[in-house]
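Chain order of the listed sequences is A and B.
Those letters in the first sequence? Residues 28 to 388, by our numbering.
Those letters in the second sequence? Residues 2 to 298, by our numbering.
Hints in this document: simulated from the structure, not taken from any laboratory.
For glycine and all other residues, C-beta sits at the position ideal for the given N, C-alpha and C.
There may be inaccurate statements among the hints.
Quick partial rundown of chain B residues pointing at chain A, CB under 10 Å, derived from the structure [what the hints assert, rightly or not]:
1. 34
2. 188
3. 209
A partial selection of chain B residues facing chain A, derived with a Cβ cut-off under 8 Å [to be verified]:
4. 115
5. 180
6. 182
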Amino acid sequence: MEYVKLVDVWKTYRTKAGSVTPLRGVNFSVDKGELVVVLGPSGEGKTTLLRVIAGLLRQDRGHVYLRGELVDDVPPKDRNVAMVFQSYAIYPFMTVYDNIAFPLRLQHRPKQEIDAKVRQVAKLLRIDDILYKKPGQLSGGQRQRVAIAKALVKGADIILMDEPMANLDAQVRVFAREELKQLHRDLGTTIIYVTHDQVEALSLATKLAILHDGVIQDYGDPVEVYRRPRNSWVASFTGNPPMNLFEARVQGGYVVAKQGDMKVEVPEAYSKLVSEGMEVVAGFRPEDARVGQGQLSGKVTMVERVGAYTVIHVDVGGLSLRLLYPSMAPISRGDVVSFEVPSSTLSLFDPKTGLNLLRRP
Amino acid sequence: MPSRRAKRVALKALRLAISYIVLIVMAAWSVLPLYYVIMTSFSNVGTLVSLTISALIPKHITLEAYEKLLTGRFIPSIKVPNFPLWVLHSIELAAATALFSVALAMLAGYALSRLDMPAKKSLATFVYIITFLPVTATTVPLYLLFARFHLLNYAGLVLAYTPGTAVFAAFLAKLSIDAIPPDYEEAAMIDGLSRFGAFLRIVFRMALPVVALTALLGFLGAYMDYATAYAFIGSNSNAWTAMLGLWYLAGLYNYASAPAYNIFAAGAVLMGIPLMALFLVSQRMMTRAYSSLAGIK
């Protein structure tokens with residue numbers, strides 16, 4: 028069942044400099060119980076999308092359906108969604124307890140019920156020892172827990188999260204991510220989670236959506252999105268470093284780069300989709316290249332040692348590519364390295380539309 | 002070297018002496034009039050205490066002036082003790098003005114801060130510039146205008162007082178609401194409040210220092226006003242405010258009556274009490290209001 032559904036949603040903001048249109052026909056549907064991560068560059072309307080779903084913003088065009096019902100005219104308080112803000116938005120003048128109890132008090136629930144629920148949620152998030160503190164006395168991680176507790180206590184089955192981990196320390200973030208996943212598994216709530224952090228997106232998502240240019244560029248299983256991006260933009264956005272892309276032509280069963288000495292066999296999956304002489308944009312992930320073996324060779328122009336791996340920039344007869352070498356590579360600038368790209372890891376895109384040839388447009 | 006150290010000590014003593022002299026003079030300058038008023042209020046004669054040094058230390062203290070003030074019927078047509086009635090009127094007017102000022106200022110400030118409307122910036126600037134004009138300058142035009150609408154009464158007075166505070170306070174409220182992240186209201190709306198509910202329960206609470214400041218300014222403005230009250234209700238001693246009554250008692254209102262400065266002084270002291278109380282209650286808020294508006298947290 029499509030639990031959250033957006034149909035051709037447009038939103039334009041007026042600003043002093045003119046107007047911006049972060050959403051230009053977003054079509055998007057989320058099944059019940061999914062943890063959907065919406066990934067996209069900063070300032071491209073991810074938060075706008077959440078605010079439209081929550082009802083805080085009214086879309087200019089299109090429709091929003093929650094639990095199968097049209098909610099365009101339903102105010103946020105009646106949509107029964109919860110939201111965790113990037114800033115957490117826990118009221119500084121209330122104690123943690125009062126913050127968590129606030130949504131329930133607005134529903135005029137009996138006192139004992141409120142107390143029981145607050146304590147239950149607080150225990151779940153392990154903040155039962157700080158219930159009587161004010162938000163000002165809490166650490167970033169604790170505040171985040173309070174914000175999530177507040178979202179859970181309402182019992183809303185749709186939770187929207189706007190970069191809730193952006194303000195956490197790197198070490199805390201890893202644990203917070205794991206806990207969120209566990210929480211999602213336990214509660215089975217539908218969560219829409221917005222971030223610009225790819226690592227977060229790939230590690231959290233049960234479904235990954237990529238938002239760019241006001242539309243959903245790709246949507247699906249995160250591994251699938253990563254390995255077979257729907258279009259060349261998604262390929263160039265995901266991954267760190269992102270996919271290598273180059274213009275090529277199909278010649279005698281090989282994908283041959285137009286510029287540079289680069290030649291890879293046509294992958295089996297694409298064999299029926301391409302014809303001799305066809306122009307394509309080819310791409311492969313830097314980590315799929317095997318450095319130190321194979322027929323291809325390039326001159327090293329730059330070496331970035333990141334720690335766990337090394338990014339080697341090579342020049343292959345005028346075509347510059349990024350290759351990944353696990354751990355610290357014994358390679359320095361000016362060396363010539365050999366490498367190969369397994370043909371099964373190659374993705375081919377239409378040069379005009381940018382779409383992956385494997386997927387339907 | 003001892004001589005140099007002695008010089009340094011002497012210089013330090015001199016610096017301290019000068020600062021203390023300046024401070025003591027300034028303190029005396031501001032405390033002395035208050036002391037003088039209080040001493041006069043404890044006197045049993047209606048004339049001003051003559052200003053010799055010896056007269057500053059009272060020879061006998063009586064509460065006669067207070068008694069007269071609290072029980073006296075200076076205007077025979079009023080059947081209850083006059084002054085308490087007038088103070089009550091003042092407090093009612095001032096409280097109503099404070100209430101309306103807060104409501105108007107917060108609504109206007111919220112609109113100026115949050116809502117998307119044309120010419121917002123020029124409007125905010127205009128609002129700010131209006132506050133440069135003295136309120137007293139509007140008394141005569143307001144009198145002429147309100148006379149036509151039969152508003153020369155308390156309702157009219159509150160209507161006339163409110164903008165005097167609210168216009169300036171709206172600007173303060175805008176600045177204060179600007180500093181509150183909109184996330185809090187949006188969170189409140191998702192928690193189950195309407196936009197107006199979020200405004201009342203969250204924005205008001207978070208802008209409380211400015212709300213308190215507005216209320217205090219509104220209260221003060223109405224409580225201390227003489228000119229507008231005189232123009233609007235001066236002819237009806239039954240409806241007088243404490244300020245009008247005091248001027249009457251001091252003989253400045255009606256030159257035919259004998260001046261009774263001790264009663265006037267007692268009235269001034271009594272009128273100061275609610276203000277002092279208000280100020281003490283909201284002192285912490287006031288400090289927060291000023292520092293938050295100055296951008297110091």
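Hints, one by one, checked against the model:
1. A hinted interface residue such as residue 34(B) counts as satisfied when its beta carbon comes closer than 10 Å to some beta carbon of chain A; here the least separation is about 40 Å, so the hint is violated.
2. Look at residue 188(B): its Cβ gets to within about 4 Å of chain A, closer than 10 Å, so that hint holds up.
3. The interface hint given for residue 209(B) is met, as the beta carbon of that residue sits about 8 Å from the closest beta carbon of chain A, less than 10 Å.
4. About 13 Å separates the beta-carbon of residue 115(B) from the nearest beta-carbon of chain A, more than 8 Å, and the hint is not met.
5. Because the beta carbon of residue 180(B) sits about 12 Å from the nearest beta carbon in chain A, more than 8 Å, this interface hint is broken.
6. Because the beta carbon of residue 182(B) sits about 6 Å from the nearest beta carbon in chain A, less than 8 Å, this interface hint is met.
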